[in-house]
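J.: Go ahead and model the full structure; you've got the sequences and the hints to work with.
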Amino acid sequence: MPDSMIEEPPAPPLAVTRSTADVLAAARSAAPVDPAEGRRMGATKTRGQKLAAGAMKLVRRIHLFSGIFMFPFVLLYGFTGWFFNHPRLFTGDEVRTFAAAEFESSEARALAELPTPEETADAVIEELNVQGFLFGGPEFARTDARRPTYNRAITLGAAAEDGTSHSMQIDPIRGSGEVRTTLPADPAGGEPPADPLGGIAFVQLRPGADALTVAEAAAPAALGELGLETSGPTTAGRRTPSLSFSATADGAPITVTYALGSGAVSAKADDADAGPTDYKRFLQRLHLARGYTPQKDTRWIWAVVVDAMFVSMVFWGVSGLFMWWQVKRTRTVGAALLVLAVLFSAYLAVEMHAEFALAGGRGGR
Numbered sequence: 008m009p010d011s012m013i014e015e016p017p018a019p020p021l022a023v024t025r026s027t028a029d030v031l032a033a034a035r036s037a038a039p040v041d042p043a044e045g046r047r048m049g050a051t052k053t054r055g056q057k058l059a060a061g062a063m064k065l066v067r068r069i070h071l072f073s074g075i076f077m078f079p080f081v082l083l084y085g086f087t088g089w090f091f092n093h094p095r096l097f098t099g100d101e102v103r104t105f106a107a108a109e110f111e112s113s114e115a116r117a118l119a120e121l122p123t124p125e126e127t128a129d130a131v132i133e134e135l136n137v138q139g140f141l142f143g144g145p146e147f148a149r150t151d152a153r154r155p156t157y158n159r160a161i162t163l164g165a166a167a168e169d170g171t172s173h174s175m176q177i178d179p180i181r182g183s184g185e186v187r188t189t190l191p192a193d194p195a196g197g198e199p200p201a202d203p204l205g206g207i208a209f210v211q212l213r214p215g216a217d218a219l220t221v222a223e224a225a226a227p228a229a230l231g232e233l234g235l236e237t238s239g240p241t242t243a244g245r246r247t248p249s250l251s252f253s254a255t256a257d258g259a260p261i262t263v264t265y266a267l268g269s270g271a272v273s274a275k276a277d278d279a280d281a282g283p284t285d286y287k288r289f290l291q292r293l294h295l296a297r298g299y300t301p302q303k304d305t306r307w308i309w310a311v312v313v314d315a316m317f318v319s320m321v322f323w324g325v326s327g328l329f330m331w332w333q334v335k336r337t338r339t340v341g342a343a344l345l346v347l348a349v350l351f352s353a354y355l356a357v358e359m360h361a362e363f364a365l366a367g368g369r370g371g372r
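When you read off a place in the sequence shown, starting at 1, and then add 7, the result is the number in this note's numbering.
Keep in mind that the hints were calculated from the coordinates and are not lab data. Just to be clear, a hint being listed does not mean it is correct.
[Stated by the list, open to error] Derived pair list, reagent style EDC-like, types lysine to aspartate or glutamate, alpha-carbon separation capped at 16 Å:
no., residue 1, residue 2
1, 275, 362
2, 275, 257
3, 287, 100
These numbers were taken from a predicted model, which means no experiment stands behind them.
T.: Structure follows, in structure tokens:
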């Protein structure tokens with residue numbers, strides 16, 4: 008038989024086929040990792056993992072949609088807080104800045120030579136020692152434990168004959184500052200509206216005609232039945248309620264406001280021109296508005312919004328920490344920032360507490 012008719016055996020394969028287990032293992036190792044859960048996508052989840060994933064999905068959805076719903080109120084509190092910190096912005100005043108060295112007269116140039124905080128503090132100590140010597144008080148001496156500091160700038164006011172007012176703000180250390188000039192109101196609006204009450208400013212109601220007097224009379228007995236001892240009469244708090252209602256004055260519709268604590272009354276005609284709206288002041292009043300009214304009106308709804316804002320901000324902070332912890336690659340940097348934030352906020356809290364204690368009153372000073 009010719010050699011050309013003899014079949015040659017097939018060549019051996021170039022590579023040995025891997026087992027099925029090796030293929031599955033390679034596929035699992037190549038599967039992408041879910042960064043939110045820290046596990047490989049496609050792997051079988053346990054019941055606990057499914058519950059945790061569902062809970063985190065719910066947290067992310069609430070975080071997202073609550074942020075969308077509360078977005079207008081976040082802007083409101085952010086901008087109005089900024090207005091409170093910078094009360095001179097957006098007032099419409101004419102502003103002139105000055106430096107003490109620019110003045111020509113010796114009287115005005117005295118601003119460039121203001122006493123230093125240390126000099127003023129020494130003068131206070133000197134006067135205290137004089138008073139202590141005269142009246143048998145202690146002896147005083149200034150220390151370096153706390154350096155003398157001012158809590159705000161010097162503010163001076165002046166007015167012109169045409170009604171223009173000037174507010175001068177001076178740096179008590181450098182002597183520089185600014186002057187804000189407020190022009191008189193435009194007289195084009197005519198005379199102010201007449202008082203619908205005809206000059207009546209106070210009314211005295213008969214006993215038992217308002218809730219405050221009845222509550223004051225009943226409070227001692229109520230406190231006694233609650234097991235609380237008292238001495239002397241009960242007194243109303245600093246913020247007593249006011250009652251607003253509609254009425255007519257010679258047939259004209261008006262809104263009357265009666266202060267239960269003082270008996271003061273005021274009124275405004277329903278058709279009176281409210282005048283131009285001061286939007287900055289309006290937004291600041293919204294920022295400060297709080298507290299639930301006895302009846303469910305607009306102010307009651309606003310109080311609900313204030314509580315919702317509190318809940319939302321706390322939730323955003325806590326849920327943000329949970330969402331950060333799910334991303335493993337950001338844990339180290341996030342933990343460092345969290346520790347830094349806690350330390351920084353604690354430092355500010357301690358220092359501001361000391362400032363408030365020195366102020367001896369309200370924190371805003």
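J.: Take the C-alpha atoms of residue 275 and residue 362, compute the straight-line distance between them, and say whether it is at most 16 Å.
T.: violated, 43 Å
J.: Would the pair residue 275 and residue 257 pass a check requiring their Cα atoms to be no farther apart than 16 Å?
T.: holds, 14 Å
J.: Verify the proposed pairing of residue 287 with residue 100, using a straight-line Cα cut of 16 Å.
T.: holds, 14 Å
Violated hints amount to a single one, hint 1; each of the other numbered hints is respected by the structure.
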